[in-house]
Amino acid sequence: MNMSNATNRTDADESGPEQPEARVGLRYTLSQVKRDPTALAGLAVIAFMTLVAFIAFVDGVLFDFLSDFTFFANLGIEQYLLANTFWVNPVVDGTGQILRPPVYMTNQLYPDQPGTWAHPLGTDHRGRDVLIRLFYGTRIAITVGIVATGIAMVLGMLVGAVAGYYGGWIDDALMRGSETLYAIPFLILVIAFMTAFGRNLTFAMIGVGIATIPTFARLIRSRVLSVREEDYIEAARAAGVRDRDIILRHVIPNSFAPILVQATLQVGVNILIIAGLSFLGYGAQPPTPSWGQMLSNSRQYMLPNPWFSIWPGIAILITVVGFNLIGDGLRDALDPRINN
Amino acid sequence: MPDENKTFHSQLNRRRVLQGIGGAGIAGLAGCAGGSGDETEGTGTSSGGDSSGGDSTESESTEGGQSSGGKLRIALVKSPLEFDPLVLNDVPSSQVVDRVVEGLYTYDENTGIVPLLAEGSPTVENDGKRFTVTIKEGATFSNGDPVTAEDVKYSYEAPVAENTENASELNMIDTVEAVDERTVQFNLKYPYAPFKTTLTWYVVPKSVREEDKEAFNTGNSLVGSGPFTFEEWQEGNFARLAANPDYWGDPKPNLDEIEFVPVEEATTRVTTLKNGENDIIEEIPPKQYPTVRSIQDASIEEVPGIGYFYAAFNCNEGPTTDPKVREAIDYAFDMDQAVSSYVEPTGVRQYSPYPLSIAESWGFPLDEWKQIPHGKDVDQTKALLEEAGVPDDYTFKVIVPPDDKREQIGITISNGIKEAGWDATVQRLDWGAFLDKYVSGDESEYNIYTLGWSGTPDPDAFTYYLFGRDENTLGVTNGTFYGNNSEAGKQVSEKFIEARRTPEREERKALYEEATTTLLEDRVHLPAYNLKNSFGVKDYVEDFRSHPVSSFSITSDYNNVSVGNK
Amino acid sequence: MGRLRYTISRLLQSIPVIVGVITITFLLTDAIPGDPVQIMLGPSPSAQQAEAIRAKFGLDQPLHVRYFNYLFDVVRLDLGTSLYYGVPVTQKIAERLPVTLYLLLSSFTFALLTAVPLGIISAKRRNKPTDHISRVVALFGVSTPSFWIGLMLIIVFSFWLDIFPATNLILPWESPANVDGAANQLGVIAKSIHHLILPTITLGTLQMAAFTRIERSSMLEVLGEEYVKLARAYGVSETKIVRKHAFRNAQLPLITLVGLQLTGALGGAVLTETVFSINGMGRLIITAIQNQDFQLVMGTTLVFGLVFVIGVILTDLSYAYVDPRVSFDGSE
Amino acid sequence: MSEPILKVENLKTQFFTEEGTVRAVDGISFEVNEGELVGLVGESGAGKSVATSSIMRLVEDPGEIVGGTVTYKGKKIVDFEEGPDGELRRSPEMLSNEEMRKQIRGREIAIIFQDPMEALNPVFKVGAQLREFIEINRDVSSKRAKEIAVDMLREVGIPEPEKRYESYPHQFSGGMRQRVIIAMALACEPDLIIADEPTTALDVTVEGQILDLVEDLQQKYNTSFVWVTHDLGVVAEICDRVNVMYLGEIIEQADVDDLFHATRHPYTEALLNSIPRPDQSVDELNPIKGVMPEAINPPSGCRFHTRCPEARTVCKEVHPTYQDVSDPDESSHFVSCVKYEDVGYDDAESLDTEATDAFSGGLVEARGDGQ
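Residue numbers (UniProt numbering), protein chains in the order written: chain A, 1 to 340; chain B, 1 to 566; chain C, 1 to 332; chain D, 1 to 371.
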């Protein structure tokens, strides 16, 4: 084995999924996942989060059109206005103390301050209901995580396929390029990108997407390289099928399962990255509730009321755990050696 | 007037200061002007053990419980960057250098100006264009050299000659003459009313600085006449001062050593106060007050600073050029409530561009000004905006700097506008982008912005830069362009400029009152709040004082900090 | 053979990557809106002041001229002068880099020292309670935002329990005179470690979890290998199998991952340094970006790129050290 | 005849999976005499490797030896007794894991794996691996172990053994590696070597060389062998006696000549028909029809009935007995087929299977669904 090309080696050893046999299809993978309780738990978590995100989305839309009918209002949570994060009046209660610990827990610094059932997780420094902000944050986290992954996946597949397909200097150039992206810590890359083009969620998603292209590019490229050598591809080529079609019809479909695994795990990673970005002030613009930004805001209140720091952290944790469980389940299904 | 020049530049307009304020929501920087020494002429007796044994460079006193001397650790928000007082231009640097270098005059406990290196008050002649100051006998730099008129002349001329970032603070001076060893004469280009504040500018030994300016700036050869001497500095880690054993003045410092460490994150600062990593922490954000209060062995020392935070309108382009629209937006929210929610107890509501101490000492009609802002009345907002013909689909753009409090004010305004049925966005910008945009006068960039300003305790420091309409201010520090579309605005600006060159205080006062009332009624600015210089202080630290202008005081004629038993 | 030659040739091969890093950063920083001169001088610089600064930093030149000038300067190891700090970029980096490397080294050491045993135990006791616990720990570790861990650690260990300090990372080679309560160098080192613990856990948890996961799966895989079965069939004890026969092979994927995690960890260092007020490269670059200190942004990114490249080469070298199948001259 | 050195009786090994219990080895019995080379033949999945692992007590999770006795030179490698509640439990005589490791593995019974490419640890030098096993199993000094190792490398035909001692596995070809593995086995001087398809992964010429080598060495050291293979050609070449396995059971056992010339079981016959034989010329080869059913749910009755060309209805119902059907002039010849029992095979109807002509449908039965 020749090491002169580190990229080649890391391709194969990438922490991503093992290359499965070509016949291990998506359907098979999914059927395996169905048997895996942890993966199912992951699916359940994400399904729940998605539901929450969807309700928050519908709720937001409804609010815009039918101000007095919303899910959360119907849930009986008082002062709905406090909850709607896009449209809020700060309300400070009589004591000026708007920070409240949750109902069932006492805060050691302010043991006398009960929470309310109306605001189970308390209200924040603007008097907004933390629970509902968390719900709205779900929508952003999941959307952003998935969109950023989608961008990276599509561009990465394109770059990887072109690199593997044309080979030669194009391959070299693209792979050096992707190595370059890898050489700049992506948090820095994305921050520079956002500073240059715009400090909002859209550019955060695009930035993270671009910064993580190499992950997918390498995966696809190594697939292209290995599949190119397979007999049936040679046969297809001999029969005059164009390389382009071979890649589109054989290579990419055959690589879909490992890409799905990578993508699932990447969604989790992206949620973490975006939370980190928001924490540094590079994320959703203020009134929009994102978990990272809630965490960032909460730092000021961390000592008087650590719960504000704890809840968004837990929300991130649970969601990312969900994606990781699914990803692990998919990976295990693809690589029966490890867990079957 | 073409040769009108800038005077004391407030610090808030400076990049680094703005950063400091932005980065961590720092409040207490207002008024830590570079030019403020804070030791006053020693009249009282030394209030405690002096540091006669005090050449304490190797002191390791923190572990023990010495009752006199000792080492003080102060957590600042940011690290100092440079130490040449003629060059430095950021708050943390001046907070350190203020202990080492003194000026001819300084502030008393409040905003009054008292002699320090100078003997008595300056003589004013020639229609307020000539100031003569005598240097106190026996005043020496820490290297033993006496403070001479030549040093003073040099200290006032070098920043302009070298075109340092501080040049604008001194370029109303035409010439400085060293009449004799101890007498200095300042000749101004025009009568400059607040010149007394300029006389608080640092005095450095010419020979030492001239020898190696670089070393002077990095602190290696920094010499001043103050109670402490510069020891060592590591950017981002610490800056350490030691007591000046040969301090010429009184009282001699009680402390052996002061160490300044930067801790940007407020929560972390509070934590270090609680667990004793630091003895004093600067800048307590509003929501940390209860926490600091809950720390058994610490308390809060605070005083309102010399600052002014406000929301301002773009009077150059867009709907906000119309006073009706501005009034409508005033109706859209309640500034009192916003300030009480997001600023108190770290700051106080302010109803004019002048911090309370200035307004009070000048006797401005605060009660009248207080009546000007409207309470929240969204119906009025709707009515006024419709009357002004603002299209239904218009989106107001609010830009805010990266600072939580000002951002909250911005959000409150935008929520009010939304409530009235128009759209509004809030954009939190980095300082770079913000500074670029808020003075562009471009409707597509902003309709409203929130910002802060601080300066010397003179009304001029707040009026000239924020409302002036000359080439030094319009579109430079004045982002409202008030007067571009209104005669009243032009007059306001003229009055403010006239006021700064009027030596007569009563005349000045009248000018300020008239112009200020006009601009408040015209709602060019919606004054918001002023911040306090707040410090969390361990109980074993005795006699520590916060100061409105120079943020805090360690050794002066009214206080002398010491560290008791830990 | 040729370990040195290999290293040199790998370094040369990395030049395009470094140039790429410079190019990307250059284009990005150039696209950042706002005028650095204005930020530096405040909003009211005189025209000639601004001109002077512009000329001094070459900002009056067109983009491509500045780009090539910068490249030439880099070749001459001149990274320019920081607009913000007013000192050479190299000096600033020399101050900050050791701090970040110290933090990285410590967190990777922590991660490896916990992950390797944890992963191995997990693999050996597969599907036993120990395995489940370690897998859950690892799963949570890769799913938790590092800065959040940092915040929680500060609340609990600094504020409530007051066991560990929340700030002020001290380098172990700092002079005792500069460290409170340290009588001698040993005291400084002790203090240094005391201050290092929370940041290390903060930055290291993610790595630890990722390493544990890969260690477990690679150990499982290796334990299923024929040569392990063979050793077992020849009466080699289980302990020896794990420690000797399986161990080296199982570290191969881990070594690769360590290299790949390096940039991720550099990114994480930005967050950790922010949470703990540590003056390292991460905060330096954030300060640089926020103040549009182009020279400093370029310089720090370049150094990040170099750290990555060197990290990858070190990874390759250690891989080759562990795996004899890898040779430097390309022959089998 | 002297006492056999290895005696396997009714050995049962099962795998407990989520899908159900896999009876991978379901009651096999055979013996190995001193100096004898016994073949264990069957298709992939017949349970051969599980059988050998069971003998070494190296069955991995979720597999477990659940019954039977394996006696090696009087020591009970596997032994069960009935507990007070009628459950089977390990008998006190059964060697502990520690005893297995220290007394049996390597020292008494060595094993050669199928894939020489995988069986050597890639990160250690060949010599060091060899030396380690010798040290462990022969109680010699490290220096002496090295000498033995080098000698043994020479013995198995590796040129320049001193130099190759220092090489890594990847520097050897497949055949060479298998020689190293054989050297490993022999160097520990065991009395029994279990060779688990040792030549399957090699190409034919190398296979021949290795077989020759093994024959020579076997004669020289008089080591007994259990030779696991699916290749009857190899069996014919080297084995003394052969056991044929199908779906976890041994269905025929005989001396090699008897097996080839007096084949009793239809499965063995089918196997023989599927390979070219130097002693017979046939017009065409007949591969065995169908796929071996999964051991998790084996067919009822005779497990081979789903693929048996001679299957009749009775085969589905009656599990055949494993019995000696040798002719008087033969040595023992065991077979497990209802044809040799009095259970009505001759009267039964022919069964439709994929191997009988009548069968033309899907693969339902072949999937092992049984009925």
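These aren't lab readings, by the way, just hints derived from the structure by calculation.
Among the hints, erroneous ones may be present.
Stated by the list, open to error - Dumping the calculated DSS-like pairs for lysine-lysine here, alpha-carbon to alpha-carbon at most 30 Å: (1) C:Lys244 - D:Lys143; (2) D:Lys316 - C:Lys240; (3) D:Lys125 - C:Lys240; (4) D:Lys125 - D:Lys73.
Unchecked claim - Coverage of chain D stretches by chain C, computed from C-beta distances (three or more under 8 Å per stretch; other residues unrestricted): (5) 28 to 34; (6) 39 to 52; (7) 130 to 143.
Unchecked claim - Here are the simulated distance ranges between beta carbons: (8) D:Asp203 - C:Leu113: 39 to 49 Å; (9) C:Pro62 - B:Ala510: 49 to 59 Å; (10) D:Glu341 - C:Arg325: 48 to 58 Å; (11) A:Gly167 - D:Val291: 39 to 49 Å; (12) C:Leu314 - A:Glu230: 51 to 61 Å; (13) B:Glu521 - C:Asp162: 48 to 58 Å; (14) C:Asp162 - B:Asp108: 32 to 42 Å; (15) D:Thr200 - C:Ile193: 53 to 63 Å; (16) C:Arg76 - B:Asp108: 30 to 40 Å; (17) D:Gly233 - C:Arg5: 36 to 46 Å; (18) B:Glu214 - C:Asp162: 18 to 28 Å; (19) C:Gln61 - A:Ala41: 54 to 64 Å.
Predicted, not measured: the structure shown is a model, and the values here were computed from it.
The beta-carbon is built from N, C-alpha and C at its ideal position, and this holds for glycine as well.
Hints, one by one, checked against the model:
no., hint, in the structure
1, C:Lys244 - D:Lys143, "holds, 20 Å"
2, D:Lys316 - C:Lys240, "violated, 50 Å"
3, D:Lys125 - C:Lys240, "holds, 17 Å"
4, D:Lys125 - D:Lys73, "violated, 34 Å"
5, 28 to 34, "violated (count 0)"
6, 39 to 52, "violated (count 0)"
7, 130 to 143, "holds (count 4)"
8, D:Asp203 - C:Leu113: 39 to 49 Å, "holds, 47 Å"
9, C:Pro62 - B:Ala510: 49 to 59 Å, "holds, 54 Å"
10, D:Glu341 - C:Arg325: 48 to 58 Å, "holds, 56 Å"
11, A:Gly167 - D:Val291: 39 to 49 Å, "holds, 41 Å"
12, C:Leu314 - A:Glu230: 51 to 61 Å, "violated, 35 Å"
13, B:Glu521 - C:Asp162: 48 to 58 Å, "holds, 54 Å"
14, C:Asp162 - B:Asp108: 32 to 42 Å, "holds, 39 Å"
15, D:Thr200 - C:Ile193: 53 to 63 Å, "holds, 57 Å"
16, C:Arg76 - B:Asp108: 30 to 40 Å, "violated, 55 Å"
17, D:Gly233 - C:Arg5: 36 to 46 Å, "violated, 51 Å"
18, B:Glu214 - C:Asp162: 18 to 28 Å, "violated, 42 Å"
19, C:Gln61 - A:Ala41: 54 to 64 Å, "holds, 59 Å"
Checked against the numbered hints above, the structure breaks hints 2, 4, 5, 6, 12, 16, 17 and 18 and satisfies the rest.
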